[in-house]
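Enquirer: Using the sequences and the accompanying hints, generate a full structural model.
There are 2 protein chains.
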Amino acid sequence: MKVIKKKRGTIYFGDGCWDALNNTISILKPSRIFILADTNTTLHCVPVLLKLVSTSISIQHINLPAGEQFKTIDTCQKVWKQLSEQGADRNSLLINIGGGVVTDLGGFVACTFKRGIEFINIPTSLLAMVDAAVGGKNGVDLGHLKNQIGFIKDPLAVFVDSSFLETLPTNQMTSGYAEMLKHGLIASEVYWETLKPFKPDRPELIEDAIWESIEIKNDVVVADPTEKGLRKTLNYGHTLGHAIESYCLESNDIKTLLHGEAIAIGLILANYISSELTGFPKTKLSETTAHILRHFPKEKFSKADIEQTLELLKFDKKNVDGVVNFVLLKNFGSHEIDKQVPNSLIYKAFEYYKNFKKII
Amino acid sequence: MKVIKKKRGTIYFGDGCWDALNNTISILKPSRIFILADTNTTLHCVPVLLKLVSTSISIQHINLPAGEQFKTIDTCQKVWKQLSEQGADRNSLLINIGGGVVTDLGGFVACTFKRGIEFINIPTSLLAMVDAAVGGKNGVDLGHLKNQIGFIKDPLAVFVDSSFLETLPTNQMTSGYAEMLKHGLIASEVYWETLKPFKPDRPELIEDAIWESIEIKNDVVVADPTEKGLRKTLNYGHTLGHAIESYCLESNDIKTLLHGEAIAIGLILANYISSELTGFPKTKLSETTAHILRHFPKEKFSKADIEQTLELLKFDKKNVDGVVNFVLLKNFGSHEIDKQVPNSLIYKAFEYYKNFKKII
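If you're matching them up, the sequences are chains A and B in order.
Note that this note's numbering has the first sequence beginning at 12, numbered continuously upward.
Note that this note's numbering has the second sequence beginning at 12, numbered continuously upward.
Everything labelled a hint here was simulated from the structure, so no lab data went into it.
Heads up, none of these hints are tricks.
Each pair may be met inside one copy or between any two copies, as identical chains are not told apart.
No farther apart than 30 Å at their CA atoms in a straight line, the calculated lysine-lysine pairs in the DSSO-like style are these:
#, residue 1, residue 2
1, K266, K92
2, K239, K89
3, K92, K325
4, K18, K243
5, K92, K314
6, K40, K239
7, K92, K243
Expert: Structure (structure tokens):
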């Protein structure tokens, strides 16, 4: 088992993490345990968890519909009501088991129910393992605006068992892979290279890389928990990526993208803008674009699509006083934050994305 | 001006507090200012505030319907959306001006919008001045269950100007007075005596007592911010008081009570139970009951009303593992927490309340 020990939010990874979970529960002594899962993890992961948890404390189960479209305050209301009706009190424990929607929403529900009950996250998607489960951000979407409501509080602990990935659909694996690529871009070219063997149906190939992604994210978050500076680098590719994701969710004409699929496009656009504004090397731009497009097929955006996507930027959480701030790269692992980017350059970035031809 | 200085949640009281507000804003330098008020404070208090605030920063106004029935997540959603549409960003400031509904709901909205923006509370009702504005509790109701959703975070600062009370309806004044009586019971008989000259249409008579109530509550909250022990005393009279308030809100047959009106009944019941279980002196029981009934006319509860009120106790936030814990008094200023009370004694307390005859 690998462990990142913290006052709150200790992360347990791999063999032995279930002993650690049982130990955590026996120290906490909650009055009751509630397991929050979505229809997918209720089917594939909760039965596994129930076999592994060894306690005499009453365990109840709350089931959510699966999908980003249910990451809303309305869903929170349903969960709060169920907790209330099922007798949850201030000493109850909520275990969130699932992808980022479940851990983000469940964390927010726990932090606000009766002014805060204890909670544990068990990420079961690759995206949630390398991203959502680390750093304490939680919350829900407001309409189509992502994560507008929420706050930052670490769960009591996080338990990561990559064997849950065996039941994950391959498009979800690839979606999570986008965040690992981002970690490569913002942290190190060496790490980027270790990510290349990725195959969406072979999670065991990237077991070590998953742990390293968790470490990269954790190092950033610990250094800057309230996002004054360094933590902003985790938003690399996300300013446009989030806007693309929101726009696709809203639009009837264009296919809805998974979070990582939108972020993959955002990374290519951010790399291009970086190459124009902050000297990200052109050769690395081509190389990274080619690699990303190997896993994420190109999407088509009309001029109107791009215009409307840019409109959404004004709702970006990092937007301060009407100015949208980008994170850009000088090179792998070397960044500049709070950079302003003219719209004309964003259009050129979409052009670059559209016209890029695989060389290999 | 009187001040209780704290890292967050500094309380400014009386003449000069508006200079302090302007000073706070000029130090914070928010990108925009949003004023949250309800229809009453929009009419009576916001115009006063706008004359007193001196800043070149853009000020926008969000108006809520007035009343406890709007202290819901649905109202929060409307405010979040308005903030979003009106361009609020992470550096925006929310000023909540109103009674406890506005400050509780506004605090929750601010803490969760884009994972937290800064906020200031300006309590304008007596209840909000002596209770809601101190201690950092915020949140909303879940159905008829009061304050089930929320958490604890102090506002940046609190500004209390008792001249706002001049436009407060007298029943609202009396409602706030109930919390001051509670402070007397849990803190000191001397303070209780100073409260006796109260007249609902003469706020100036209790100016000093308001400040003392703020100090009493603040001392308790600072000593026990997370409600492990001492802070529970602030719930004196509230276990049954809240259940009565919820029940009346729910019931079609019985008149809806203001918070303080329900708490006044809860105080009489708690004093009676204390006299039976923890030795609260019988003479003081009669004396306090007579004084409370001088300001709060008796309500009628049938056996069925009481039964259904007791049913609601299981949703009490202080309820742990199915056991409802009461705060009881040995005397003025001397308490016991986490006391269990048999239902039979609660029925007897309602009997006492029903049969009490004013001697004087």
